[in-house]
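Visitor: So you can see what is in the structure, the chains are spelled out below.
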Amino acid sequence: MKKLVLVLLIVTLAAALPVFAGGGRERESERDYDFVFGKVPYTFEHAYHQSACRTLEEYAAREYNAKVIIIDGEANAEVTLAAIENLIAQGVDAMAMHTGDAGLSAAAVRLAHAANIPIVTTLIRPDIQTAPHIQPMETASSQYMGAEAARQWKAAHPDKPIRVAMLNFGGIPQIWEMRTGAFFDGVKSVDPNAQLVTMLNGYGSTVRSMEVTLDILQANPEVNIIFGANDEMALGALAACEQLGRGKMNDGVPVSEIIAGLDASSAALVKIFDPDSSFKLTHGAVRDVARAEADTMYGMVTGAIPVKEYFETQVLSQPIDFWNTSLAEAQRFLELNFFYTGSLAADVDAARSR
Amino acid sequence: MLKELKLPVLRNRQLPVLAGIILIMIVVLSFMSPNFFKIQNFNNILLKIGIFIIIASAANLIMITGNLDLSVGAVFAFSGILHAYMSKHGVPIAFSIGITCLLAMCWGLLNGVLVGKLKIVPVIATLGTLYIAEGIAFLIARADGGSNIMLGLPGNYTSFGRYMVFGKIPIIIVFVVIAFFLFLFIERKTSLGRFSYAVGANRSAAELSGVNVTKIIMILYVLCSLMAGFCGVLQSSRVGLAAPNVGRMLELYVLIVCVMGGTRMAGGSGTVIGVLLGAIIIGLLENGLNLLGVGHFAQEVGRGVVLIIAVMVQKNSRAVRS
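From first to last, the protein sequence lines are chains A and B. According to our numbering, the first sequence holds residues 1 to 354 in order. According to our numbering, the second sequence holds residues 355 to 676 in order.
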C-alpha cells in the first residue's frame, strides 16, 4: 500500500509539472551563455516581481547573452540571505536583489563582496552604501498621486474635509518615505488640513486588506481617500468598500472615496479605467527597473561600473490614473511591463458587467 | 459500551469562562470605541471569522481524535485558485464549485490514507500535503499567466460569495450557522462524533471495542478538506479574485481557535461551541485592535498577550473545577 501511494504520487507530480512549467520554452541548457547573473526578487507571489524577473531574463539573454538564475526571496529575510548564499555558491558573475530590509541588503552586499561577486540592490537602500543601487522614483510619483486624489476630492466635495487611511506592509521604514508618507505629503500640498486618521498593516494581501479596511471604515466612516502601498492592498480596500455599498464613482467623479495603489498591474488598471469604480490611481516601473539591473550587472562585470562604489540609477515610476492617462497609454504600459496580451478596454467592459 | 461513554462535550465547564471573556471584551471595546457596538461591526466580525468557524468546526473533530490537519490553508488556497481557473475558462460556476469540492475531498482522502492507514505522523503528513497543494495552487496561477486570477472571470463570479439572503444577510453567515449546527449534530447525535471522542480518549480501547479507527480518521480528514475547499470557493467568490497565498497561516488560526475553545491537542475533548467562542474571541481581538488604530507591532504584542491570558484563564478554570 505504501509503495502504491508513493508511486502514484510521483507519477502524478511528474505528469503535472511540465504542464504547469511551460514546457514550450527554449531549453536553457542548450544555449552557451557569456555570463551568468543571479537575481533574488522580494517574492514571486506579486505580479510585479514575476514580470520583473521575466523581463530581466529576456533582456539579459537578448542584450548580453547572459543567463539569469532566479531564486525567490519569499518575502523572508532568512530565505533571501540563503538565496544570496546559494547564488554565491553557484559562482554567478553578478547578482541583483530586491528586498524590503535595509539591514538585510547590507548583509547581502557584504557577503557578495567578500566572495568578489558584484551586486546591485533595488528599491530599499542598504544600510551601507558600497554597491550600485537601482531606485525607482516612487516618492515623486506617490506625491503626485496624493495631490491628484486630493484635487479630485476637493473639486467634487469642497465642503467635506479630507480624511486619509493607509494600508502598509507593517515594518518597512522606507515605505513611508517612498509611498505612504510621500502620498500624504501630496495630499497635504493641496489641502493642508487633511488628516491621516489611521495606517494599518494590510500584509500586502488583498484578502487581509479587505478585512482590515472593513474595520477602518467602521471606526472612521468619514475616510474618503485610501492608499494601499501596493495594488493587492488597494484591491482589497476596494472590495471592502464595495461590500459596504461604497467603492463607486459617478463617471469618474468621486462619490464616497478615492482609492490609490501602487505597481500598476493589469488587475489594478482594469479597475482604474472603470469610470464607476473608486480605485483611480497607481504608479509603477517594471521593465525599466529590470533593464537597469541587467545593465548595471553587465557594467560591473565588464569593469565599466565600479563594483564597490554607491551610486543610484533612478528609474521613473510612471503614474497612471483615470483622469490624466489615456486608455491607449495604459494598454501600452501593460504590454511593456506586464507582458499583457489582452485588450484593456475589453477587460474593463467585462469587469463592469459583473 | 460506547453509548455509555461520558462525552467530555457534555461536561465542558470552560464554556462559561470563554463566554465571560467575550462579554468583558465587548464591554471594554464598547467603551473604548464608539463605533464598536453596532450591527454593521458585528457583521464585519462574523464575516472575518466565518471561514475560521466553518473550517475549525471540522478540524476540531480531527483534533478530538488526537490528530491534526495543517493542510487546511493550502487546500483553501488551492480550491479558490482552481475554481477561478475553471470559471475563467468556461466551466459553469455551479459545476466548477462541485468539481472543486470533490478535488478538495481528495486532499482529505490523501491525508486520511497517510495518517489513518499508513500511520504517518499527522504533522508531517499534512505538512507534506500543505506543500503540494500550495505549490500546485501557485503553478495554476502561473499557468494562467500571473500571481493571481482576477482578469477574465465571468460576470457572475462574485454572485455566490456576495449573495445576500433575504437581501440582508451575507451568505457566509448563513453557511456559518449551517456548519455550526451540522457539526454540533455530528458531535452529539451521530456515531461519527461519539467514536471521535472514543478514539481521542483511548485509541486502543476504541479499536478493541470494534471502532474502525482508520475509517473514522479518513472520514474526518475528507470532511475537513471539504470544508476548507468550500470556504476557498466562497472566499474567492466574495473577494472577486483568487490568490495562491491566501491560506497562509490559516492552519494556525484554526489551531488557535480550537485550542482556545478548549479542545485538547492530545485529543479526547473539545466541542464546536468552544470553537465558536474561540473564534469570536479572535475576531473581537483583531477587530478591536484595528478599530483603535493600534499599530502593527503593538497589535502583535497585544494579540499574543490576550491569547496567553485567555488560555491561562481557561486552564485555571479547568484545574479549579477538577
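Derived by calculation from the structure, the hints in this document are not laboratory data. Honestly, I wouldn't trust all of these hints.
[Claimed, not checked] One side only, chain B facing chain A, incomplete, derived with CB under 7 Å:
1) Ser-501
2) Asn-556
3) Val-593
[Unchecked claim] Pair by pair, the computed Cβ-Cβ distance ranges are:
4) Pro-370/B x Leu-244/A: 54 to 60 Å
5) Met-603/B x Gln-195/A: 28 to 34 Å
6) Pro-275/A x Asn-510/B: 54 to 60 Å
7) Ser-384/B x Asp-276/A: 35 to 41 Å
C-beta: ideal position from N, C-alpha, C; glycine also.
Visitor: Indicate, hint by hint, whether the structure satisfies it.
Guide: Structure-based check of each hint:
1. A least Cβ separation of about 4 Å between Ser-501/B and chain A falls short of the 7 Å threshold, and the interface hint therefore holds.
2. A least Cβ separation of about 26 Å between Asn-556/B and chain A goes past the 7 Å threshold, and the interface hint is therefore violated.
3. The criterion of a C-beta within 7 Å of any C-beta in chain A is met by Val-593/B, whose closest approach is roughly 5 Å, and the hint holds.
4. The hinted window of 54 to 60 Å between Pro-370/B and Leu-244/A is violated, with their beta carbons roughly 35 Å apart.
5. Evaluation of the 28 to 34 Å hint for Met-603/B and Gln-195/A yields a pass: the beta carbon distance comes to about 32 Å.
6. Between Pro-275/A and Asn-510/B the beta carbons are some 22 Å apart, a value that contradicts the proposed interval 54 to 60 Å.
7. Distance hint check for Ser-384/B and Asp-276/A: the Cβ-Cβ separation is about 37 Å, which falls inside the suggested range of 35 to 41 Å.
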